[in-house]
Each structure stands twice: as C-alpha cells, then as structure tokens.
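> Line order of the protein sequences matches chains A and B. Sequential numbering of the first sequence, starting at 1, is according to full-length UniProt numbering. Sequential numbering of the second sequence, starting at 1, is according to full-length UniProt numbering.
By construction, these hints were calculated from the structure, which means they are not laboratory data. These numbers come from a predicted model, not from an experiment.
Using 25 Å as the maximum straight-line C-alpha spacing, the simulated BS3-like pairs for lysine-lysine come out as follows: (1) B/K137 <-> B/K4; (2) B/K62 <-> B/K83; (3) A/K449 <-> B/K9; (4) B/K137 <-> B/K9; (5) B/K61 <-> B/K88; (6) B/K83 <-> A/K191; (7) B/K137 <-> A/K449; (8) B/K37 <-> B/K100; (9) B/K3 <-> B/K137; (10) B/K37 <-> B/K61; (11) B/K128 <-> A/K449; (12) B/K137 <-> A/K381; (13) B/K62 <-> B/K88; (14) B/K3 <-> A/K449; (15) B/K3 <-> B/K128; (16) B/K70 <-> B/K100; (17) B/K100 <-> B/K88; (18) B/K83 <-> B/K61; (19) B/K70 <-> B/K83; (20) B/K88 <-> B/K70; (21) A/K381 <-> A/K449; (22) B/K70 <-> A/K191; (23) B/K4 <-> A/K449; (24) B/K9 <-> B/K128; (25) B/K88 <-> A/K191; (26) A/K381 <-> B/K128; (27) B/K128 <-> B/K4; (28) B/K61 <-> B/K100.
One-sided and incomplete, this derived list gives chain A residues near chain B with beta-carbon spacing under 7 Å: (29) M95; (30) I202; (31) W268; (32) P324; (33) I355; (34) Y419; (35) R424; (36) Q425; (37) A431; (38) A435; (39) A441; (40) Q453.
Cβ atoms here follow ideal geometry from the backbone N, Cα and C, with glycine treated the same way.
In case you want the letters, here they are:
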Amino acid sequence: MTLQMQAPQPKQLQLLKVLGPAHIWALGVGIVLVGEFMGWNYAVGKGGAIGALIACWVIGLLYTCVAMIDSEITSTVAAAGGQYTQAKHMIGPLMAFNVGLYLVLAYTMLEAGDVQVAGQLIQIGAGNLGYNIPWQPFTVLSLVLLAYMNYRGVLATLTVNLVITAAAFASIIILVIGTQPWHPGAVLLHKELLTGLPYGWIGVLASLHFGIWYYLGIEGTCQAAEEVRSPGRALPMGTMLGIITLLIAAALTWYVCCGLLPWEYLGWDNELAPLYDAAHVTGSPTLTVILFVGTLFSAIASANGCINDAARAWFSMGRDRYLPIWFGAVHPGYRTPFRSIIFLMPVAIIFALFIPLAQVITFSILSGLLNYTFMPINMVKFRRMWPLGSIQRGFEHPFHPFPSIVLFTLCSITFFAVYLGYGRQLLAMMAFYIAASCWFAFYRYRYVKRGDQFTMPWPRPAGY
Amino acid sequence: MAKKYIPPKQGVASQLFDVASLLALVFGALFLPIWLKIAVPSRVEELPPGVSYQLQTDGSKKWSGLTWEKLRQNPTMQQQWEKLGYSKEQAADIITQPFKYDIDVLGVGITAIVVIGYFVFMLVMSEKEYREVIAEKFD
Numbered sequence: 001m002t003l004q005m006q007a008p009q010p011k012q013l014q015l016l017k018v019l020g021p022a023h024i025w026a027l028g029v030g031i032v033l034v035g036e037f038m039g040w041n042y043a044v045g046k047g048g049a050i051g052a053l054i055a056c057w058v059i060g061l062l063y064t065c066v067a068m069i070d071s072e073i074t075s076t077v078a079a080a081g082g083q084y085t086q087a088k089h090m091i092g093p094l095m096a097f098n099v100g101l102y103l104v105l106a107y108t109m110l111e112a113g114d115v116q117v118a119g120q121l122i123q124i125g126a127g128n129l130g131y132n133i134p135w136q137p138f139t140v141l142s143l144v145l146l147a148y149m150n151y152r153g154v155l156a157t158l159t160v161n162l163v164i165t166a167a168a169f170a171s172i173i174i175l176v177i178g179t180q181p182w183h184p185g186a187v188l189l190h191k192e193l194l195t196g197l198p199y200g201w202i203g204v205l206a207s208l209h210f211g212i213w214y215y216l217g218i219e220g221t222c223q224a225a226e227e228v229r230s231p232g233r234a235l236p237m238g239t240m241l242g243i244i245t246l247l248i249a250a251a252l253t254w255y256v257c258c259g260l261l262p263w264e265y266l267g268w269d270n271e272l273a274p275l276y277d278a279a280h281v282t283g284s285p286t287l288t289v290i291l292f293v294g295t296l297f298s299a300i301a302s303a304n305g306c307i308n309d310a311a312r313a314w315f316s317m318g319r320d321r322y323l324p325i326w327f328g329a330v331h332p333g334y335r336t337p338f339r340s341i342i343f344l345m346p347v348a349i350i351f352a353l354f355i356p357l358a359q360v361i362t363f364s365i366l367s368g369l370l371n372y373t374f375m376p377i378n379m380v381k382f383r384r385m386w387p388l389g390s391i392q393r394g395f396e397h398p399f400h401p402f403p404s405i406v407l408f409t410l411c412s413i414t415f416f417a418v419y420l421g422y423g424r425q426l427l428a429m430m431a432f433y434i435a436a437s438c439w440f441a442f443y444r445y446r447y448v449k450r451g452d453q454f455t456m457p458w459p460r461p462a463g464y
Numbered sequence: 001m002a003k004k005y006i007p008p009k010q011g012v013a014s015q016l017f018d019v020a021s022l023l024a025l026v027f028g029a030l031f032l033p034i035w036l037k038i039a040v041p042s043r044v045e046e047l048p049p050g051v052s053y054q055l056q057t058d059g060s061k062k063w064s065g066l067t068w069e070k071l072r073q074n075p076t077m078q079q080q081w082e083k084l085g086y087s088k089e090q091a092a093d094i095i096t097q098p099f100k101y102d103i104d105v106l107g108v109g110i111t112a113i114v115v116i117g118y119f120v121f122m123l124v125m126s127e128k129e130y131r132e133v134i135a136e137k138f139d
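Please build the complete structure, drawing on both the sequences and the hints.
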C-alpha cells in the first residue's frame, strides 16, 4: 500500500466509454426504485396517507425541475463526478468539494439503508421458512459482493442493474394488477383505511421530508457521464425516461400500500418493506414471493448503483486533489476507481449495522437536499456565464429560470419539513458540512492546482 | 499572465492524516449523535383516555383498558393489523407514538441561520477561489 501511495497511477488512464441510454436509465432508476419498496412510507408516518400523496406530487415537481436542469448541464459538462464537476466550472472549488461530499454521503447512506433492508429481508424470508437467522452477516455479505462486482467493471455492474431493476419495476405492476384496482373494495380498502390528515397541514409539510425518498438519486445518472458513449443523447434520454418511470411507480406504490395497510403501521419507523407487506396482506403466496424478490432486487440494484456513484464522486475529488490523490487511481486492468470503491465500503457497513433505517436515510435525504439546493444556483450562473449560443449544449431545458425558482423554493420548504421531527439530525448534518468546509477552505485547498480545475473547452465565463 | 500556483507535495503520512480527519468528522458528527440517542425523531407518547400500562421487569408493557376502538382503529384497520400478525397490544406500541410538531421559533431561527450561513460562507469562499482558477486558466 505504501508503495502505491508513493506512486499514483498515470493520469492518462481513463474510465471506459461503454454505456448507452439503457444503462443510464438502469443506473438512475436502479438507485431510486428502492424508494418505492422502502422509505417513502415514513412520509405517511409524518403526515398521514393523504399527506404522503401530496408529498409524492410536490416532490415529483421538485424532481422534474432537477431532471430538467440536470439534463441541460450534464449533457454539456460530460465528466465523471456529475454535479461535483459542474460546481467546479460554475461556482468554485469549495462548492465543488461540498457537492462531492453531498454525493458521496447521499449514496453511501442510501447504500447502507439498502443493504440493511436486504439483510433484514433475508432474515424475514428465512423466518417464514422456519429458520431463525441473524440479518447482519447477509448485510455485510451483500455489500462485499456488490463492491467486488463494481471493482471488476462498470459494464457488468450496470447490465446486472438493468435486468434486476426491470424485474423489480415489473413486480410493482404485477402487485397492482393482483389487487384488482378496477374493483375498489374487493382487495383495496381505501375507503376504510384513509383517515384524512392526522396532523393537519403541518403534517403534509412535514411529509415532504420523506417524499424525497420516492425519487432520491435520479440525479445519479450524470455520475456516469464520462463512461457514456454519447453523453449528449444518452444522458437526457436516460434521465427523463427515468423520472417518468419513477413518477408512475411512486403513484402506483402509494395507491396499493395505502389501500392495504393502516397508516400508522405504514409510517412506523421500523416498517421495512411496505410493498412486501402489502403483498403479504393480500393473502396471495405468489404475490408475496414476487414482492419479496422485487424488494430484494430493488435493494440490491440501488446498493449496486450507489457504490458505483459514490466511488465516482470520491474518485473525482481524489483526482482533483480535493482529497488525497491516492484515491484518484484507476485500476489498470478493470479501469474502475477501485480504491474509492473499497475505501467507502466499511463506512457503509458501519452505518448499515448500527443506525436505524429511518435515520440513515434521513442523512441520505439531507445530502440530496443540499445538492438540489445547489442546482438552481448552479443553473442560474451557468446561463449567465455562458448564455445560449455561446457554447454547444447537449440539451436546452425550457422556461428558464422558472424551474430553478421552483426548485429553490421547494428545497427551502423541505428543509423546514426535515426540521419537523428530525431537527437534531438536520443540525448534525450541517455541523458536519460546516466543519468539512472549514477543513477544505483553510487547510486542504493548498494542495489544489488552481488552473487545473477548469477542464472544459469553453471561452472565458462572462463577468470573470 | 497570472502566476501559476504550485501546490506542495503531500507525503504518505499527510494523506493518511487527511483521510483520518474526514472519517473522524463523518463518525463524530453523524454516527455518534444517533448512536448516543441525542439525535432521534421527535415522537411523543400519547395514550388514549382510559388506557394505561405498567412496565414489567422484562421491559414488556401490561396494558389496561386497551381496545381497538380506543386506538381509533375501525374493523377494517383491525383486520389488516391482524393479517400483519399484530395484536392490539403490539399495535398500541406504534399507534401511541405520534410525532410532535411544536414549532419552536428559536429553534427554527437557529437552524435557518445555520443553513443560510453555511451557504453564504460557501458561496463567498468559492467565489474567491473561482477567480483564482479563472485567472490562472485564462490570463
């Protein structure tokens, strides 16, 4: 290890360009779809079933703005690191360092939640077969296996994601059909189970916090920008198709779960897998098995994509010297950011084993939310510094600056939603980012090569 | 032309120190507050009128006066709880723990100042650093 640290890999070694639009869809939806299988339901706990539905729509609007903005900037700044690289070019190194950390922590915490669910689900499945086993070894084992697959190469990793994400999405559709939504009252019992707004409108506001979970991570598509064959086409297409898929899946998930489960159960902090429980309550063994597999696949696909994305962000920061350059190495054979993949694994394991699901995903949500708050600032500066026509864009989103204003407003409201019920975690997260920012600005920045931070072949930005 | 900044070389020990610092920040700020139960969700216990319990030595609760009706569960809800394998006592452990949304003006104010202050600090410092980047790249 010492020798490797003294002699980092040659800089010219690049990640492979092997991905197409389907892989981008699989990366985005694969990371996020688990949010329909677990986590969104805590929005029901904070605001009731109707509150969670309103959160689904409002946060759906937030993410539509995210996808529009992301599609324009990412298809133009096609480099590993996604929003991190954008921040370097539009706002500056400290912002970029923070955005890199948002990405790493959002994905690492999501990954921790995913493997926690996978381990506990295996425990539940074994319990149903009469075996009492601990969940922790399966959580660790699934993370180690996924990290190994990521280590070996991105194409196989995301091809596996494509298959299991499609299977998980199909399981939601099968469950919806199995509950006969065309016969209200036969299986689905909305009339008896929906209870209005148990906390009033303040609860609706609070539920926006976990409403994020319906869609969190779709912006991860742009982490693969450097490994895509045709970024200008694949990134907007994969991202927009991804958000459409998720809007459909979120609405179907809410409809089925809230028609089968009492809201207090659905929203309880320890409720692990609402779609699986909904299938169980139908009494159909076939649906139960299908949703068991769907939930497991969604958790595995999400953890797989998260390992991929967190490692890309960490790798990019290492390559740019925001972190020790040792992390900026590419594997000479597999062409993956192998050191970053391995380094982040123990962090995810510790949070997965020791932190409850609702709290670990709150950290992921908060890092995502900080990232979304950065996006409108980034977008406004991007259009101002390089107006339309001044550089070639892969995609131009319409109605600018309206999506940025909507996004900024919704992010501000969602911070307040997190404060309601999880205020101390919000402050813990802010304490971390403030301390990390001071560490970078007053200590680490001296190792950064200034001019090297701007790598796009663009003219000088207006106003500088 | 702007003078090119040459950063110092970083040795192995210094790289390890930086990694250890970041890990200490992650676990100190995020893991410890939850592990020590300082940062927990703001739920409160609210028992329905006429319902109470006694804590047993093994940590379980001995309920009295508990019915599904007092838990505001209609027959359909009751049926779904039972399909999930929950008795009314087990359901009560969940139903009697709602969130509490008291808005503490001072708390909201402090949190808002922290979040806004963080963004302002970051944007101001980033702007200064960005000008250095642009000067070195384009001048």
